[in-house]
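Chains as they are written, first to last, in the working numbering: chain A, 1 to 201; chain B, 202 to 460.
Honestly, the hints are just simulated from the structure, not real lab data. Model, not experiment: these values are computed from the prediction. It is possible that part of the hints are untrue.
On the chain A side, residues computed to face chain B include the following (Cβ under 8 Å) [claimed, not checked]:
(1) N40
(2) Q80
(3) R107
(4) E116
All residues carry an ideal CB built from backbone N, CA and C; glycine is no exception.
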Amino acid sequence: MATIKDGIVEMNNQEIEPDDSRKDDESIKGLLEAVLFLSNEPVPLSFFVNSFSIDPTQAKIILDSLVDEYGDRDGGVILQEVAKGYQFVTNTRYAEQLRRVIGVRKREALSKGMLETLAIIAYKQPIVLAEIDELRGVSSRMMVVKLMDRNLVKPMGRKEVPGRPLSYGTTNEFLRYFGLNKLSDLPKLSEIKEFSLNWDE
Amino acid sequence: MSDIEDKIETAPGKNSENSPILHIDNFDGPLDLLWDLIKKAKIDITEITISHITEQYLEYLKIMEKLNVRVATDFIRMASELLFYKSCALLPAGQIEDEYFIPPLPPELVQKLLEFKMFQNASRRLMEEYETSSSRYARENRLDDIIEIDDFGEVSLFDLLKAFAGVIESQKAMDEEEIVFDEILVSDRIEYIKSIMMKRDVIHFPEIFSTKPSRMEIVVTFMALLELARTKIVRLLQHKMFGTIRIVRNSVTNNDIIS
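Can you make the complete structure from the sequences, with help from the hints?
Here's what the structure looks like:
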């Protein structure tokens, strides 16, 4: 039996029904849907592949079709590809009412300085503190510490320059926080406009 | 300078001597300020003169000082950097023939500014992403609770008393201590249990007691629990026989727990 806990997949048995690898798509789809329904964390593709001995391509096709189905339905719940996994989340349309009635809380937003620092780390990782300071023109140590406290940023290792300073990068939590599936889903820097030489802001 | 003065005047926080405490955050550092100054001059960044911008920058620092602001070192550093560039520009350079040549901002500073601005905009984009993703909620209950909950049935009064006896028993094993009379009110304990239940839907029976409960505390807490169960604020569930009793908030329906 496989358990999902804190996003880490632990396998007790290697395969559940090794003989029955050619189950029909509909029943597998239902199974994957049920697992996703119960999970608190984004469930990675590999979990399904390992637990139910499904072919990765097949699993991907099924999951994507589930994503589409929920997207087309546009109901209270949608299936989202986030933080390298799949997860059921509520439709943004109902956020306000959910906050009011169920009492779910909005996550605390980040300050401008924290966001700036985070953007630099996200695009330039791994990056050392001195480089962040240079880009922002102000000391950013406190910002990095605060971001680490919120588990959005983590040390990635040391840079082989004098002093061997720590370099920083973003975490999986960062992806979840911003609803991104992978780092390459970040908006391309070159696509970010408003950054032109004429002042039409 | 009106724009900048506006920014200062709208700065939050005034102390009693009526001298506003300006937060440097209005400008997110010297680069932000520099960018703003260039923008206000409505001159292309590659054409603006170093002397012009240095003058403006220093003027702004003066205003900040006048307003009792502890000017952050980063701002001062940028000022000295600007003055350095300006003085470099004053030195006669061999190649330049045109005596009316006005030195522009050094390319390294322009580059720095543009890069800074790019990341500032990137952070704005991140903010938008955040706005969307923070409006999506995912399930947050613990999977363990879902899996085990099937084994729990309703609890009889007898089971509850047995659990109560268990706590009393553990009390006996403790060392003797000085008796401090401590008034514990049932209403306080009710509030305490409710406060735990606010955060979690399901708690175990022993959790409502402190680690070394006094007899008084045990009795009062138990009474509080009975009261909560009677008024149907909580329900009590127990694993088949002699298991740990679980206290479940009543607003959580069976379906909520299982699904």
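ask   = Does the CB of E116 of chain A sit less than 8 Å away from some CB of chain B?
value = holds (5 Å)
query = How about N40 of chain A: closest beta carbon in chain B under 8 Å, or not?
reply = Since the shortest Cβ distance to chain B is 5 Å, the answer is holds.
query = With a cut-off of 8 Å, does the beta carbon of Q80 of chain A approach a beta carbon of chain B closely enough for the hint to hold?
reply = holds (7 Å)
ask   = Can R107 of chain A be said to touch chain B, with a Cβ gap under 8 Å?
value = holds (5 Å)
Against the hints set out earlier in the document, no violation occurs for any number.
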